[in-house]
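**Student:** First to last, the sequence lines map onto chains Z and S.
Just so you know, we're using the numbering used here here: the first sequence kicks off at 1 and counts up by one.
Just so you know, we're using the numbering used here here: the second sequence kicks off at 1 and counts up by one.
Derived by calculation from the structure, the hints in this document are not laboratory data.
Among the clues, some could well be false.
From the structure, some residues in chain Z lie toward chain S, with a derived Cβ separation under 7 Å [unchecked claim]:
hint	residue
1	His14
2	Val31
3	Phe67
4	Phe71
5	Lys83
6	Gln89
From the three backbone atoms N, C-alpha and C, an ideal C-beta is built for every residue, glycine too.
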Amino acid sequence: MIGVNKEDQVVINHNDKSYCLKNPEEYQKLVILITDPKIELDGKIFEVDKDITDSRLKAICTKYKEFFESFKNSKAQIIEQAKLEVEQQLLTKAD
Amino acid sequence: MDRYLKCDLHMHSNSCYSRKYSKEDFINHMKNVDLDVFSITDHNVVDVKLYKELIKDLRDKNIIGGVELNLSIDEELVKKHKLFIKGEYFHAVLWFSTVDLDEFWEQLKVLISELKIDIKGKTIKEISKATEGKSFLLSRVQDVFKDFNYFLTFHEGKSSRCLSNYLPNSDTKSGIVYNDNQVFKHNLFYYNNRLAIEGGIKTKSISSYFEENLNTIVTRFFFSDALELEEIGKKFTWINFDGKFESLILPLSDPNARVFTSDINTENPQKNRENYLEKIKLYLINPKNNLEVEKIIEFSPSYNGIIGSRGSGKTLLGSALSNTNVSDYSKYINNAKTEFKIFGKGFQKSSPKCKYLAQNTLLTLFKNGEAKNIDFIKDFYGKLEKEKKELTKAFFIKAKTLLDYEKTEFISISTKYQSTINDITFLEDIVNEDYIIPIINIDSFQDGKSFITNLSQNIENIDKKVQELEEKLNQLKISSDEYTELIPLNSIVEDFKNSIKKHLKLIKDEISRTRKEITNFDNTPCILRDKLIKKYNNLVISTNNLTNKPGQAHLDDKDYALKQLQEYTKFRAKTQKVFDILSLGLIDVKSEAKSEEININNDKLTISSTIEDLKDYKEYLQEELKNYNDLKHSEKMFEILMSYNDKSKIKDFFSGQKYKANSLSSSNAYIEKFYSNLLSSIQKFDSFTIKLYFNGKDLEKYSPGKKSEILLDIFLDKSLLNEQYLYIVLDQPEDNMDTKTITTKLIKRLRELKREIQIFVISHSAAVIINGDSENLIYAFEDELALSYSQGRIIDKDMKKNIVDILDGGEKNLRMRFNKYDFKMEDKK
Numbered sequence: 001m002i003g004v005n006k007e008d009q010v011v012i013n014h015n016d017k018s019y020c021l022k023n024p025e026e027y028q029k030l031v032i033l034i035t036d037p038k039i040e041l042d043g044k045i046f047e048v049d050k051d052i053t054d055s056r057l058k059a060i061c062t063k064y065k066e067f068f069e070s071f072k073n074s075k076a077q078i079i080e081q082a083k084l085e086v087e088q089q090l091l092t093k094a095d
Numbered sequence: 001m002d003r004y005l006k007c008d009l010h011m012h013s014n015s016c017y018s019r020k021y022s023k024e025d026f027i028n029h030m031k032n033v034d035l036d037v038f039s040i041t042d043h044n045v046v047d048v049k050l051y052k053e054l055i056k057d058l059r060d061k062n063i064i065g066g067v068e069l070n071l072s073i074d075e076e077l078v079k080k081h082k083l084f085i086k087g088e089y090f091h092a093v094l095w096f097s098t099v100d101l102d103e104f105w106e107q108l109k110v111l112i113s114e115l116k117i118d119i120k121g122k123t124i125k126e127i128s129k130a131t132e133g134k135s136f137l138l139s140r141v142q143d144v145f146k147d148f149n150y151f152l153t154f155h156e157g158k159s160s161r162c163l164s165n166y167l168p169n170s171d172t173k174s175g176i177v178y179n180d181n182q183v184f185k186h187n188l189f190y191y192n193n194r195l196a197i198e199g200g201i202k203t204k205s206i207s208s209y210f211e212e213n214l215n216t217i218v219t220r221f222f223f224s225d226a227l228e229l230e231e232i233g234k235k236f237t238w239i240n241f242d243g244k245f246e247s248l249i250l251p252l253s254d255p256n257a258r259v260f261t262s263d264i265n266t267e268n269p270q271k272n273r274e275n276y277l278e279k280i281k282l283y284l285i286n287p288k289n290n291l292e293v294e295k296i297i298e299f300s301p302s303y304n305g306i307i308g309s310r311g312s313g314k315t316l317l318g319s320a321l322s323n324t325n326v327s328d329y330s331k332y333i334n335n336a337k338t339e340f341k342i343f344g345k346g347f348q349k350s351s352p353k354c355k356y357l358a359q360n361t362l363l364t365l366f367k368n369g370e371a372k373n374i375d376f377i378k379d380f381y382g383k384l385e386k387e388k389k390e391l392t393k394a395f396f397i398k399a400k401t402l403l404d405y406e407k408t409e410f411i412s413i414s415t416k417y418q419s420t421i422n423d424i425t426f427l428e429d430i431v432n433e434d435y436i437i438p439i440i441n442i443d444s445f446q447d448g449k450s451f452i453t454n455l456s457q458n459i460e461n462i463d464k465k466v467q468e469l470e471e472k473l474n475q476l477k478i479s480s481d482e483y484t485e486l487i488p489l490n491s492i493v494e495d496f497k498n499s500i501k502k503h504l505k506l507i508k509d510e511i512s513r514t515r516k517e518i519t520n521f522d523n524t525p526c527i528l529r530d531k532l533i534k535k536y537n538n539l540v541i542s543t544n545n546l547t548n549k550p551g552q553a554h555l556d557d558k559d560y561a562l563k564q565l566q567e568y569t570k571f572r573a574k575t576q577k578v579f580d581i582l583s584l585g586l587i588d589v590k591s592e593a594k595s596e597e598i599n600i601n602n603d604k605l606t607i608s609s610t611i612e613d614l615k616d617y618k619e620y621l622q623e624e625l626k627n628y629n630d631l632k633h634s635e636k637m638f639e640i641l642m643s644y645n646d647k648s649k650i651k652d653f654f655s656g657q658k659y660k661a662n663s664l665s666s667s668n669a670y671i672e673k674f675y676s677n678l679l680s681s682i683q684k685f686d687s688f689t690i691k692l693y694f695n696g697k698d699l700e701k702y703s704p705g706k707k708s709e710i711l712l713d714i715f716l717d718k719s720l721l722n723e724q725y726l727y728i729v730l731d732q733p734e735d736n737m738d739t740k741t742i743t744t745k746l747i748k749r750l751r752e753l754k755r756e757i758q759i760f761v762i763s764h765s766a767a768v769i770i771n772g773d774s775e776n777l778i779y780a781f782e783d784e785l786a787l788s789y790s791q792g793r794i795i796d797k798d799m800k801k802n803i804v805d806i807l808d809g810g811e812k813n814l815r816m817r818f819n820k821y822d823f824k825m826e827d828k829k
């Protein structure tokens with residue numbers, strides 16, 4: 001879920017962990033999580049926390065949501081494409 | 001040398017009252033009849049003169065003295081043993097040595113006179129006639145001939161005058177069982193190895209009792225007992241001995257191994273009698289003076305036992321016979337001069353093809369992987385290993401392709417993004433997006449292009465399946481010519497293969513045609529569409545840049561960041577896919593290729609081929625990478641990717657032992673080494689390992705004794721008869737085996753094989769030699785430092801002494817074989 005921390009920085013909360021997008025190390029950890037081909041991202045991960053009332057923060061969170069949703073929507077197809085390309089390699093070599 | 005002889009030990013001459021042919025006709029017939037051994041057994045008389053005439057004239061035949069006696073059991077014994085007697089008497093054939101002809105006839109005449117028959121002035125035929133309807137008491141016969149060596153054979157299973165007619169087992173009408181009769185007959189036979197019965201396999205009143213209740217056997221002989229001369233020679237018994245009366249103890253004491261009746265075996269039971277090693281010529285060296293002595297040893301086509309104390313030269317003979325490791329004995333033998341004489345040929349230098357099992361090698365044979373070469377296993381295993389090799393080779397090609405591909409992908413993406421992750425906090429910037437026209441995402445644009453790609457892919461998959469089907473079809477086997485009943489199946493299989501191949505060819509042609517059509521398919525609309533979208537996007541972007549540059553730049557940054565995430569995902573998905581393919585592939589390559597279950601003496605054997613030193617793919621990765629966890633494979637590869645720009649960081653991912661920092665100048669060097677190591681580790685394995693499963697259990701898990709037993713079964717399987725070995729040499733095969741296994745497996749198998757192929761067995765076990773029924777014994781001994789050999793049979797005086805002195809359980813086994821009440825170390829005169 002996309003939310004904000006005490007410093008009003010945008011964070012993504014997932015499985016009891018919080019990833020602050022401003023913190024490069026934490027963001028890298030988030031990238032490791034979301035690019036994992038074995039993990040299917042659930043629907044709520046990029047939902048904006050409804051408790052955010054500040055309209056500015058809400059707008060920022062929404063921008064992140066749109067960005068990550070774009071990624072989430074393309075992930076399955078990308079993985080399938082990757083698998084296909086690997087298999088294609090074997091077929092090409094076998095020929 | 002003992003061999004199978006055609007014998008008719010019960011026939012009547014012209015001197016018997018029961019036969020009408022003339023003496024001249026009888027002698028002429030016996031001269032020409034196809035028999036090796038015969039005995040004249042006239043009713044209650046012995047025509048000594050006729051015997052002597054025949055012995056003189058028929059020198060190519062062996063003649064055994066004989067008589068057919070009318071016997072009855074003393075009244076006293078009948079009462080004592082509560083016997084039920086039916087009829088007056090029964091017939092028994094008594095054999096003795098022709099050396100005792102005169103003396104035997106004199107004693108028989110005493111018995112005849114006791115029947116109140118006056119023999120004075122009577123011809124033999126008349127005396128015979130006078131005995132009709134009269135009988136001798138069994139106990140009196142035993143008493144009169146107690147100092148003679150003789151064998152007694154009862155009529156059994158005939159319509160009249162057979163022992164079980166006289167002493168019936170039961171009354172079939174009333175159902176009464178005469179237990180006392182059975183006990184009496186049991187005692188009569190059980191304690192005497194010199195009694196036998198007449199009859200083929202079907203005459204079993206006595207023998208079935210012994211076989212079923214006592215697990216032993218009574219010798220059954222098949223005779224002509226012919227009424228007409230023409231019948232003599234038609235019914236006979238194959239007996240394995242030297243044709244002499246004194247040797248009859250050998251077949252009588254082991255009829256299963258030595259006696260075969262012509263109702264079942266019309267052909268000589270010794271199958272290889274014209275294909276065996278007849279002699280070996282050795283040049284033995286006396287180490288004392290280095291002088292050579294020529295020694296020729298003769299062999300039986302059947303079972304040759306080699307015995308002797310330790311260091312006496314038993315194994316030397318085995319080595320010389322098999323031409324194996326003879327150089328170990330150069331002090332005692334000039335092997336360059338050893339010569340072999342095969343039956344029907346002269347001496348030759350080259351050693352015949354033989355099967356050799358060296359001492360203590362049965363278990364090591366398996367451990368060293370040489371079991372692959374055991375005849376029985378060779379064909380099954382060869383096929384398995386070939387399939388396994390092909391699978392392994394295909395896997396290695398696959399592994400190289402995939403690892404090369406992954407490496408290229410790794411370097412490509414690390415070069416593109418310089419191991420960075422874009423900061424996306426720019427998304428928080430407030431950007432005016434007015435006038436920004438959205439572009440079309442070409443990757444997610446759905447049109448006929450993706451359909452064509454999917455269609456091509458599906459066709460390729462079908463083509464792959466067809467190829468697999470073709471391979472499977474080629475593996476379909478035609479049955480071996482050896483099983484004639486399966487020959488008609490060959491045409492069925494062949495027709496099936498040809499028919500399916502025709503269909504497959506049609507499919508392949510169709511695939512090829514469709515592939516060409518797809519290639520030639522006019523996809524101009526798609527190409528135009530692509531071009532249009534690209535053009536449109538460029539136009540939109542340049543327009544956006546003109547109207548709202550910051551807005552377009554923001555969009556570009558967002559696209560770039562998104563693309564980066566997508567490409568990292570793709571990279572990880574590819575590494576995961578490679579990992580999955582190679583992990584599964586290695587499991588497949590490592591897995592045992594098993595044969596079907598093979599029957600061996602009612603047990604099931606499975607043979608497998610495996611590569612034991614191959615590891616799981618994750619283990620190879622663990623050898624290269626520190627703290628590697630296969631559950632997070634793509635994560636680890638991503639972390640390495642993220643460290644690619646920093647050599648100091650990347651080195652921490654790899655195992656320090658294998659990746660010396662001073663020899664690896666760049667991150668790229670690490671990656672090159674990583675993929676190169678991985679591939680060579682996978683490809684490094686020693687050999688294919690054979691495994692045997694006996695009744696589903698790994699042979700290695702059996703005790704050494706059981707393992708030896710199983711391996712012996714396999715080693716001595718009948719398949720070795722297909723290999724055209726002239727003989728088999730076994731050096732102490734009983735090692736590691738318990739008594740039961742020696743008896744039920746080893747000895748049983750030797751007894752079966754010895755009629756098919758010549759066998760040489762070096763042994764310390766009396767059971768193996770005596771119960772295995774070795775026809776020819778070779779005794780190895782030291783003679784003033786030089787090694788030498790003597791030979792004989794288990795009944796020969798010197799050989800009996802050697803057996804008792806040398807073999808484990810020698811005396812006990814000899815006693816058991818030759819009757820416990822009649823065993824003498826000295827030959828009886």
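**Student:** Under 7 Å is the threshold here; is the Cβ of His14(Z) close enough to any Cβ of chain S for the hint to stand?
**Tutor:** Not OK, violated: His14(Z) not within 7 Å of chain S, min 16 Å.
**Student:** Can you verify the interface hint for Phe67(Z): is its Cβ closer than 7 Å to any Cβ in chain S?
**Tutor:** Nearest chain S Cβ about 6 Å off; hint holds.
**Student:** Can we keep the Gln89(Z) interface hint, with Cβ of chain S closer than 7 Å?
**Tutor:** With a closest approach of 5 Å, the Gln89(Z) hint holds.
**Student:** Regarding the hint that Lys83(Z) lies at the interface with chain S, is the smallest CB-CB distance below 7 Å?
**Tutor:** Constraint on Lys83(Z) satisfied, holds at 5 Å.
**Student:** Taking 7 Å as the limit, does the beta-carbon of Val31(Z) come near enough to a beta-carbon in chain S?
**Tutor:** 5 Å, holds
**Student:** Quick check on Phe71(Z) please, does its C-beta sit within 7 Å of some C-beta on chain S?
**Tutor:** For Phe71(Z), the interface hint holds, since the closest Cβ of chain S sits about 5 Å away, which is under 7 Å.
This entry does not satisfy hint 1, going by the numbered hints stated previously; all others are met.
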